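From first to last, the protein sequence lines are chains A and B. Each residue of the first sequence is one higher than the one before, counting from 1 in UniProt numbering. Each residue of the second sequence is one higher than the one before, counting from 1 in UniProt numbering.
Rather than coming from a laboratory, the hints here were simulated on the basis of the structure. Just so you know, these numbers come straight off a predicted model, no measurement behind them. Possibly wrong hints are sitting among the right ones.
Copies of one chain are not kept apart here, so a pair can be met inside one copy or by any two copies together.
Restricting the straight-line Cα-Cα distance to at most 20 Å, the calculated cross-link-like pairs of lysine to aspartate or glutamate (EDC-like) are [said to hold, decoys possible]:
| # | residue 1 | residue 2 |
| --- | --- | --- |
| 1 | K56 | E43 |
| 2 | K152 | E121 |
| 3 | K55 | E121 |
| 4 | K56 | E121 |
| 5 | K56 | E35 |
| 6 | K105 | E35 |
| 7 | K81 | E35 |
| 8 | K156 | E174 |
| 9 | K55 | D87 |
| 10 | K152 | E204 |
| 11 | K81 | E43 |
2 protein chains.
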Amino acid sequence: MAIRYPNGKKYVPTSANSTAKPSSMSFSNRGKTLEDELNDSNEYYNSRGIAVIHKKPVPIQIVNVRYPARSAAVITEAYFKTASTTDYNGIWQGKYVDFEAKETKNKTSFPLQNIHDHQVEHMSQIHAQGGIAFLIIRFSMLDRYFVLPFEKFIVKWTRMINGGRKSITLLEIEELSVELQPGYHPRLDYLRALPDIIEQLTVERTERQEP
Amino acid sequence: MAIRYPNGKKYVPTSANSTAKPSSMSFSNRGKTLEDELNDSNEYYNSRGIAVIHKKPVPIQIVNVRYPARSAAVITEAYFKTASTTDYNGIWQGKYVDFEAKETKNKTSFPLQNIHDHQVEHMSQIHAQGGIAFLIIRFSMLDRYFVLPFEKFIVKWTRMINGGRKSITLLEIEELSVELQPGYHPRLDYLRALPDIIEQLTVERTERQEP
Numbered sequence: 001m002a003i004r005y006p007n008g009k010k011y012v013p014t015s016a017n018s019t020a021k022p023s024s025m026s027f028s029n030r031g032k033t034l035e036d037e038l039n040d041s042n043e044y045y046n047s048r049g050i051a052v053i054h055k056k057p058v059p060i061q062i063v064n065v066r067y068p069a070r071s072a073a074v075i076t077e078a079y080f081k082t083a084s085t086t087d088y089n090g091i092w093q094g095k096y097v098d099f100e101a102k103e104t105k106n107k108t109s110f111p112l113q114n115i116h117d118h119q120v121e122h123m124s125q126i127h128a129q130g131g132i133a134f135l136i137i138r139f140s141m142l143d144r145y146f147v148l149p150f151e152k153f154i155v156k157w158t159r160m161i162n163g164g165r166k167s168i169t170l171l172e173i174e175e176l177s178v179e180l181q182p183g184y185h186p187r188l189d190y191l192r193a194l195p196d197i198i199e200q201l202t203v204e205r206t207e208r209q210e211p
Numbered sequence: 001m002a003i004r005y006p007n008g009k010k011y012v013p014t015s016a017n018s019t020a021k022p023s024s025m026s027f028s029n030r031g032k033t034l035e036d037e038l039n040d041s042n043e044y045y046n047s048r049g050i051a052v053i054h055k056k057p058v059p060i061q062i063v064n065v066r067y068p069a070r071s072a073a074v075i076t077e078a079y080f081k082t083a084s085t086t087d088y089n090g091i092w093q094g095k096y097v098d099f100e101a102k103e104t105k106n107k108t109s110f111p112l113q114n115i116h117d118h119q120v121e122h123m124s125q126i127h128a129q130g131g132i133a134f135l136i137i138r139f140s141m142l143d144r145y146f147v148l149p150f151e152k153f154i155v156k157w158t159r160m161i162n163g164g165r166k167s168i169t170l171l172e173i174e175e176l177s178v179e180l181q182p183g184y185h186p187r188l189d190y191l192r193a194l195p196d197i198i199e200q201l202t203v204e205r206t207e208r209q210e211p
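Pulled out of the complex, with its shape left as it was, chain A reads as follows (with noise of 0.2 Å):
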């Protein structure tokens, strides 16, 4: 059972806020990270025709460069980069799928340093031209996963920029997105989550231009 603080009141230290990297395990999902995961649930999606969703090679600075005799070439000096989009694209019943995927080890809100600048501005580009951009948001401590579109998470993110909490609550976190139950075939499921938010943002953008 999650503990919900008050809207906004209390402090969440940052240290405790960290995302897991790839190397860091959890027992609740037999040390799979959300990337894994969701490497396997594109991978059957893809083999069945579903959709076709990649997650997009790490972004590496290449300094240094060996040719080996007769092996192949072995970088020798890179840096890693910053990411200028989300890492997750492709394409699900001939629309355009974007998304960026998070995990926590809080338990009460998902901290916004987890997610960079650029990559709001690249989901604010991608819902501009009509894509379908979201966040999937996995709470490993208490092993939850969320769908949180793009529209819901950007009133968050101006929340902070104005002033306001540098986090989403678990608590409006369950309000915003779709919660996806994880299950074998495939683990993540997420593309089923996206009919109940195109519905839902669809209605909304009538509400705004029929007051």
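Based on the hints, put chain B in the right spot on chain A.
This is chain B only, laid out in the frame that chain A set:
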């Protein structure tokens, strides 16, 4: 003026067919590679809200990372991996767009060895999902650029699979592609080719459905 061989009759030695690597230079476009030109064009599209299209990072297998005190992590051993998808994708006018960009120094044909099996499979999956898949081919010695739709490309690829020629002749490419005239802003306005391609494919699909 390009020399045109009779279809499938003439063998073009593969040594002359190697794709230009990012380090190679062409004086015709002031040393810019096709990748540079496309990145510039994508930045133009992006900044004007015309489309959101990015090149994917080069896939790397990281073997060793060093963490010097007070400095950024250094990758000290890594290898290039074969890409499992095309290099570019994104969204334009609500549509999913996916393509591979290739240069050749060959003056008379485009060698199919430039394209990998899994890239063809990927484009085929994208096509099946209703996305727009194509190749951008640059004949660097001729300074000519073509947008070749996947639906046209696959016919020539299948010809090769069935024992036919291992390249697409320039003449064929002229017939099957939309040729691009390089400019300045953007350098390569490849999105302008897409309405023609979409219309042509719609006509062909309709004809197939109403024999």
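Quick one: K55 to D87, C-alpha cut-off 20 Å, is that within a copy, between copies, both, or neither?
-> The answer is both: 6 Å in one copy and 12 Å across copies each meet 20 Å.
Is it within a copy, between copies, both, or neither that the alpha carbon of K156 lies no farther than 20 Å from that of E174?
-> within (13 Å within a copy, 52 Å between copies)
Since the copies are identical, ignore which copy is meant and state whether K55 and E121 lie within 20 Å (CA to CA) inside a copy, between copies, both or neither.
-> Both ways: K55 and E121 sit 19 Å apart in one copy and 17 Å across, limit 20 Å.
Between copies, within a copy, both or neither: which fits K81 and E35 at Cα up to 20 Å?
-> both (19 Å within a copy, 19 Å between copies)
When no copy is specified for K152 and E121, does a C-alpha distance of 20 Å or less occur within a copy, between copies, both, or neither?
-> The answer is within: 15 Å in one copy meets 20 Å, while 36 Å across copies does not.
Within, between, both or neither, where K56 and E43 count as close if Cα-Cα is 20 Å or less = both (14 Å within a copy, 19 Å between copies)
Is it within a copy, between copies, both, or neither that the alpha carbon of K81 lies no farther than 20 Å from that of E43?
-> between (26 Å within a copy, 18 Å between copies)
Intra- versus inter-copy proximity for E121 and K56 (alpha-carbon distance at most 20 Å) | both (18 Å within a copy, 17 Å between copies)
Copy assignment of K152 with E204, given that the CA separation must stay at most 20 Å | within (12 Å within a copy, 41 Å between copies)
Alpha-carbon proximity context of K56 and E35, limit 20 Å | Close inside one copy (11 Å) and across copies (18 Å); limit 20 Å.
Up to 20 Å between alpha-carbons, please classify K105 paired with E35: within, between, both or neither.
-> within (15 Å within a copy, 40 Å between copies)
Of the numbered hints given earlier, the model fails none.
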